[in-house]
Every structure is written in structure tokens, then in C-alpha cells.
Amino acid sequence: MSAWILLGIVIGCTVMGDLLSSFEMKRHGEIHDFRPRGLGRLLATLATKKFLIVSVFFMAISFFAFVKLLETADLSFAVPASAATIVFETILARLILKESVDSRRWWGVCLVALGVTLLAA
Amino acid sequence: MPPARLEWKTRLFAVIVILSNTLGNFFIARGMRGLAVPADSILHMLRAIFAPWVTLGIVLLILWLLSRMVLLSWADLSYVLPVTSLGYVANALMGHFFLGEHITLARWSGTLLIVAGTVLVGMGTHSARRDTP
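Chains as they are written, first to last, in the working numbering: chain A, 1 to 121; chain B, 1001 to 1133.
By construction, these hints were calculated from the structure, which means they are not laboratory data.
All residues carry an ideal CB built from backbone N, CA and C; glycine is no exception.
There could be a bad hint or two in this list.
[As the list claims (entries may be wrong)] Derived coverage of chain B by chain A (criterion: at least 3 residues anywhere in the stretch with Cβ under 8 angstroms from a Cβ of chain A; other residues may be distant):
1. 1010 to 1017
2. 1058 to 1071
3. 1084 to 1091
From just these sequences and the hints, can you work out the full model?
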């Protein structure tokens, strides 16, 4: 499978996984208890969240495609090129998750996107 | 939680996310390139996952996933993504210095742009805010 197809799978599945996990984690609320028992309870609770389960599924596909990509492509290409997700995710975070994205963040995201394009060139 | 403490917690988790991602990717790349047989089938892929370097990389990426989820529980996705993108730069540096990858001038320029973008985003706010529907 070509590097570009693998990269497309990585990007598509990462965007879906991140959006779903962010949505579910925000719905769950901020985590305060970092003691082992508290984290255990947290994992048990999160394991029942359907959007999080679907997001893990997408992340798993993304992960295996990424591992395969790392077998043949440069680390200095594969990892930065996968940052193309930032552009899609920021737009979708604004549109779907209704996050407030100020102009400074948009400019930062644009610079990151331009940088990623140059890195992948 | 007091704003100063939330700020400190956000930055700490951002560092954990960046380091675990960078080292995890590096160890997986190192392990995958050392395989005797290419991971072209599911069986070979499963075997590759249990190669020592790859396993270490996966453990670190699990740490990355968990720490990122915890960070996302209070910080905006549109903040977390660009800030943790410093990991992309760190990965390029690891590839260059430890895997002997040739990085062109365009890639180094891209690295500087990512750093600039990341600093710009990091100057913004961290906490979750929503537009009212």
C-alpha cells in the first residue's frame, strides 16, 4: 500500500477519533481525581461511553496504518505530514464542537499548516 | 480550580503528551525498520508489535493517548492540537539525528513555521469555552 494511501487513512481516522473523544470527554467533565482508584473508576466509566468506544476504533485503525507507514516512510515525513489533521480538526472543532477559536489561534493554525506543507514537500 | 493551578496543570500535561508521542514514534520507527520480515500481513504485523522496540513505542503511545485524553477533559481541542504539534518538530529532529534521515531546507523551514505557529497559539487562552447556541 502506498505511503499516500496510508497517510490518508491515518488523517481521516485521526480526525474522526479526536472529534469523538473530545466531544465525549467534554461531556464527562474535567478530571480531578488522579489517585489510582480514581483513575480506575474513570476508566470503568469511560469504557461505557459509546462515542469514546467508536473513537478508540478509529484511533486503532489510524494507529496500525501509522505503524505501517513508519516502516517505509521517513519519521521526519510521516509524523509532520500527519499534522494535516490540525487544519481539519480546528475547522470541525469550531463547526461541530462549537469551540471558540480566536483569530490568534487561527493564525497559529495557519502557520502550523504551512509548516507541515513545507515539511512534507 | 484556581486559574494559576489550571495553567500549571495544562502545561505539565502538554509536556507529557509531547514527550511520550515523540519517543513512542521514534521507538516504533526504529523497531519497524529492524524487522527481519516486512509487516505485509496481519500475522507479520502482530509479530512486529511484539518486537521489543515497537512494544516500548506502543507503551509510550498508550501513555500519550491517556495523557491527551485527560488534557482534553478541560482544554480546548483547538488549543491542544497546535501546542502538542511541537512533537512534530521533535520527531523530525529525532529522525535526523538518530535515524540518519536527510532533511531538506524546505523541511527545516517548515519546522520553524510550526514552532512560530505553536508559540502564537500558546499565547492564547487554555480553558474550554463554548459559544452559546
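Determine which of the earlier numbered hints do not hold for this structure and return their numbers in increasing order. Hint 1 contradicted; others consistent.
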